[in-house]
Amino acid sequence: MERLVSTRVNTRSSLACLECRTKHLKCDAKQPKCSRCVSYDKACQYAASRRGGLDRAALTERRRRLANKADAHLSPDISVAVADEGVTLGDETVTGPDCMEVFDASLPVPTPIPENHETPSFRHGVLTDDALVKSYYTNFHHLHPFAPPYKHLVQLSQTSAFNFSPLLASMRLIGHIYDTHQWSESLSSAVEAQIFQLKPSDAVQVQARLLYSIALFWYTFKAQAKEQMDAAVDVAVKLEMHKKDFAATFGFGDPIMVECWRRTWWMLFIVDASYAGTLGTMNFKTLHVEPTAELPCEDADYESGIIPTPKTLQDFDSREFDSEDVVFSSFAYLIGATRCAAQVICMSPKRATREHSEAIIQSADSAFDAWLLLLPKDKKPVLKADGTIDELMFQAHLLIHVYVLLSE
1 MERLVSTRVN TRSSLACLEC RTKHLKCDAK QPKCSRCVSY DKACQYAASR
51 RGGLDRAALT ERRRRLANKA DAHLSPDISV AVADEGVTLG DETVTGPDCM
101 EVFDASLPVP TPIPENHETP SFRHGVLTDD ALVKSYYTNF HHLHPFAPPY
151 KHLVQLSQTS AFNFSPLLAS MRLIGHIYDT HQWSESLSSA VEAQIFQLKP
201 SDAVQVQARL LYSIALFWYT FKAQAKEQMD AAVDVAVKLE MHKKDFAATF
251 GFGDPIMVEC WRRTWWMLFI VDASYAGTLG TMNFKTLHVE PTAELPCEDA
301 DYESGIIPTP KTLQDFDSRE FDSEDVVFSS FAYLIGATRC AAQVICMSPK
351 RATREHSEAI IQSADSAFDA WLLLLPKDKK PVLKADGTID ELMFQAHLLI
401 HVYVLLSE
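In UniProt numbering, the protein residues as written are 1 to 408.
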């Protein structure tokens, strides 16, 4: 199987301190304190880089350590192509992949494995001692938070009848990619073997296939990634995962698992849409499904296990008529942004005339403008008060602004 690898064009993003960012002011980024903070005697702090942040010495040490661990040297020159131009969000310029490939930016840069390299197979053991699963939760889960929270998964693995083996196999593969920046044929085979053993009606395969598909897609196995995605969608639709009652039925009275199944459907929709935009197919299976599944809550509530009464898609679509300002979760706003993009895909004919194109652009403009205008003040910045990134709002803003750039 041929693995395609392209070269990244490194473009440094603009740097600004937290004080200037929160007030949307231009920052000269002088350190230890910028000029504005010096003038106004403000505390000047910089958020840690979300793009790595390693200096030359640290990067060298990291490569040496990973090389020893994987018994193969990593190539620092191999990565994924991105455009020279970036998307501006407030004071921050973000460079990213082509069009809707914003959801793929969560995995590390792929590095090819030598033909004779074989990654050791994992052993099933106590989940709390599983380094690869921990790596998954440390590096990936907050970017695509639909799997059960780590603490709850540990508890369920010890006390419930849920069979999470296929999901854990996919987690281990992604955790391995983060730890070594390499694909593992043995872990990939383990995922497929676990999925193969499942009954067609086992809902956990939707989660396992979705994660496996994301990993395959990042490593440019795009045909296989699409096959896994289509299979996941087929199972989800057959089980009616897109309907409100599914989560309650398959959650078996566990509020966290009920929320987990809601998140699984909506993440399936988001990633399916991102594939359509990235591959240029302009069609995807979940596009034609009418969901009644309730919307996910905030990630903090999900992780805490205290799940509030869920809001519905109807609530979201009628939010402009609310007498009070109602704030939805970041996940819900990402769903909203993806639905705007899906609307464009749905309206696009295979052969568009100029008149068709103008009508599509006008309709899309209205949808994206409404999303931006109805966005609460608290959701407009992607940088949270503690200096961390709201990853789901980051993806939503990036998707919206990519469209704005492409339509101009």
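These aren't lab readings, by the way, just hints derived from the structure by calculation. From a predicted model like this one, the values you see are computed outputs, not experimental measurements. Careful: at least some of the hints might be erroneous.
The calculated lysine to aspartate or glutamate pairs, modelled on DMTMM-like cross-linking and capped at a C-alpha distance of 25 Å, are [stated by the list, open to error]:
(1) Lys226 / Asp254
(2) Lys151 / Asp386
(3) Lys380 / Glu290
(4) Lys384 / Asp129
(5) Lys377 / Glu324
(6) Lys379 / Glu303
(7) Lys377 / Asp365
Computed beta-carbon distance windows for the label pairs [unchecked claim]:
(8) Lys30 / Leu143: 28 to 34 Å
(9) Asp28 / Phe252: 38 to 44 Å
(10) Pro255 / Thr292: 39 to 45 Å
(11) Lys30 / Asp322: 39 to 45 Å
(12) Ala223 / Lys33: 32 to 38 Å
(13) Ala131 / Asp301: 26 to 32 Å
(14) Thr159 / Ser201: 21 to 27 Å
(15) Thr312 / Lys30: 45 to 51 Å
(16) Ala248 / Thr138: 28 to 34 Å
(17) Ser201 / Asp365: 32 to 38 Å
(18) Ala161 / Lys33: 55 to 61 Å
(19) Thr281 / Lys30: 45 to 51 Å
(20) Ser186 / Leu287: 34 to 40 Å
Here a beta-carbon is modelled for each residue, glycine too, at the ideal position from N, C-alpha and C.
(request) Hint by hint, work out which the structure violates, then give me just those numbers in ascending order. (result) As far as the earlier hints go, 1, 3, 4, 9, 10, 12 and 17 are violated by this structure, in ascending order.
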